[in-house]
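Protein chains: 2
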Amino acid sequence: MSLPSFERAALIGIGLIGSSLARVLRRDSPRTAIVACARRAETLAAARRLEIADETTDDPAAAVEGADLVVVATPLSAYDAVGARMGPALRPGAIVTDVGSVKGAAVRALAPHIPERVHFVPGHPVAGTEHSGPESGFAELFRDRWCILTPLPEAAPEAVEKVTALWQAAGMRVATMDPAHHDKVLAMTSHLPHLIAYTIVGTATDLEESLKSEVIAFSAGGFRDFTRIAASDPVMWRDIFLNNREAVLEMLQRFSEDLTALQRAIRWGEGDVLFDRFTRTRAIRRSIIEAKQA
Amino acid sequence: MSLPSFERAALIGIGLIGSSLARVLRRDSPRTAIVACARRAETLAAARRLEIADETTDDPAAAVEGADLVVVATPLSAYDAVGARMGPALRPGAIVTDVGSVKGAAVRALAPHIPERVHFVPGHPVAGTEHSGPESGFAELFRDRWCILTPLPEAAPEAVEKVTALWQAAGMRVATMDPAHHDKVLAMTSHLPHLIAYTIVGTATDLEESLKSEVIAFSAGGFRDFTRIAASDPVMWRDIFLNNREAVLEMLQRFSEDLTALQRAIRWGEGDVLFDRFTRTRAIRRSIIEAKQA
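So the sequence lines, in the order shown, correspond to chains E and U. So the first sequence is numbered by this note's numbering: it starts at 94 and just counts up by one. So the second sequence is numbered by this note's numbering: it starts at 94 and just counts up by one.
Treat the hints with care, since some could be wrong.
Since the list gives no way to pick out one identical chain from another, each pair is judged satisfied if it fits inside one copy or across any two copies.
Unchecked claim - Pairs of lysine to aspartate or glutamate, DMTMM-like flavour, derived with a Cα cap of 20 Å:
| no. | residue 1 | residue 2 |
| --- | --- | --- |
| 1 | K255 | D121 |
| 2 | K255 | E363 |
| 3 | K305 | E247 |
| 4 | K305 | E350 |
| 5 | K305 | E158 |
| 6 | K255 | E144 |
| 7 | K255 | D365 |
| 8 | K255 | E301 |
| 9 | K305 | E383 |
| 10 | K255 | E383 |
| 11 | K305 | E339 |
Just so you know, the hints here were simulated from the structure itself, not pulled from any lab data.
Construct the entire structure; sequences and hints are all you get.
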């Protein structure tokens with residue numbers, strides 16, 4: 094799928110996702126002018142040094158001026174301020190999309206600021222690493238991953254198609270769903286796993302010193318995978334949990350019940366309960382391999 | 094470190110670990126005769142087909158006859174029966190070691206069956222994949238991983254040295270510690286992570302059908318790593334939890350308290366608590382990278 098021709102793309106936020114998208118635009122659409130917007134001067138300097146932006150600014154209003162594509166890629170807590178600042182400067186006919194991990198909150202924060210003749214197509218490219226910042230981006234980040242768009246019922250079909258084509262050009266498969274449904278699915282596949290990884294790594298951090306140093310040395314047996322997940326960007330993840338509270342608490346409640354049941358089985362030596370549970374989970378792994386997500 | 098010269102190695106259990114060690118012996122010590130022992134005829138047939146055993150038997154007593162090295166690599170629940178059967182057939186001067194993930198239980202189950210002039214050096218190569226069976230083994234499995242030996246105070250130093258040299262030849266770094274301490278460290282680094290992974294994948298398995306299919310499709314955001322861990326061998330893991338009950342319940346209790354604290358922070362919108370916790374966990378990841386375990 095070839096990239097739609099954008100004249101001027103404003104990337105509000107140029108971290109892992111924003112800078113990876115900039116690299117895709119550079120590679121596949123060299124005539125698109127890229128404006129990078131970030132709060133910190135050193136982030137903007139990095140974007141210039143990496144040559145992934147033609148212009149840089151710390152002002153969202155200046156960034157979106159004349160842009161036909163605007164991608165909001167900041168932490169969720171900045172959305173409302175970004176929206177308020179850029180809203181009046183958006184050009185009629187422009188497409189605004191975002192990459193936030195919670196779509197209900199993204200819509201609530203940005204939609205009120207989008208003028209009538211601008212097209213807002215919320216999106217979530219489900220891709221990432223534990224690294225953050227413009228240096229950590231790479232164009233291949235999105236390849237073979239899913240991007241979920243959550244367009245509102247009134248969205249113009251052409252705008253949805255253009256955003257779809259953008260992410261397909263980046264190598265993604267694109268699905269659309271309702272924002273609330275997206276937030277439930279992601280609470281299970283992404284938010285709860287991150288919460289659990291942060292928790293267990295925190296539990297290890299609090300161990301007595303002698304035990305803790307050995308936990309680090311002998312981390313190969315499963316713990317290591319959790320530390321990678323728990324090294325993800327703290328601001329981004331704080332915002333996700335604050336903004337997807339209901340769905341995360343719901344999934345967490347289910348998880349806690351299931352964990353308590355296994356705890357009880359261990360305490361009472363109920364080997365059959367453990368064996369049955371551990372056998373069922375192998376089937377899900379097979380489904381994921383069949384769905385080519387492994 | 095070169096492999097000590099063993100004339101005849103009996104591998105009791107020829108799954109992922111046993112068959113990987115057999116491949117190391119084949120590669121580095123072609124004159125060592127390998128006897129593979131397993132309960133199921135098809136496992137023994139696989140060992141012969143893969144040419145990782147010179148002889149096969151389903152009788153531990155026959156397997157250890159004349160062996161100067163015996164490696165017990167069955168699930169923990171088989172240890173007592175294996176010990177009772179092989180004990181009287183062990184040759185004086187032989188070295189018996191094992192690869193079990195819980196050392197207190199391994200010592201309790203095997204030690205009573207080991208005759209006076211046989212050397213018992215319990216061990217745990219901390220390596221593995223989510224695959225099981227003789228076909229899934231490979232000689233490189235152990236490379237750059239830790240092996241923890243938990244010799245009893247009365248162990249002959251030469252026997253400990255030989256087992257150390259065996260695992261070093263397989264590419265491992267070798268540490269020694271007390272069985273109870275090993276079981277605490279592993280409860281945190283391996284057993285608790287597996288329990289949590291099994292739980293969350295189980296929680297997803299129980300979701301309503303519409304949600305569940307999308308959890309599989311969009312599993313890239315963290316959940317996928319858990320499904321890999323939760324695809325590990327159910328019998329081996331049942332036995333680990335039944336045999337390391339006290340240490341696992343202790344670590345699980347700490348984890349549950351920490352998870353409840355984060356749950357509360359999410360419910361009450363305490364962003365600072367979340368941010369602080371998520372920042373501290375990044376430091377552990379750095380320690381692991383520095384310890385070259387990442």
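A quick look at each hint next to the structure:
1. K255 x D121: within (15 Å within a copy, 59 Å between copies)
2. K255 x E363: neither (55 Å within a copy, 38 Å between copies)
3. K305 x E247: neither (54 Å within a copy, 28 Å between copies)
4. K305 x E350: For K305 and E350, only the inter-copy Cα distance (18 Å) is at most 20 Å; the intra-copy one is 28 Å.
5. K305 x E158: neither (52 Å within a copy, 43 Å between copies)
6. K255 x E144: neither (25 Å within a copy, 57 Å between copies)
7. K255 x D365: neither (53 Å within a copy, 38 Å between copies)
8. K255 x E301: Close neither inside one copy (54 Å) nor across copies (33 Å); limit 20 Å.
9. K305 x E383: between (38 Å within a copy, 15 Å between copies)
10. K255 x E383: Intra 29 Å, inter 45 Å, cutoff 20 Å: neither.
11. K305 x E339: between (34 Å within a copy, 18 Å between copies)
When the structure is compared with the earlier hints, violations turn up for hints 2, 3, 5, 6, 7, 8, 10 and for no others.
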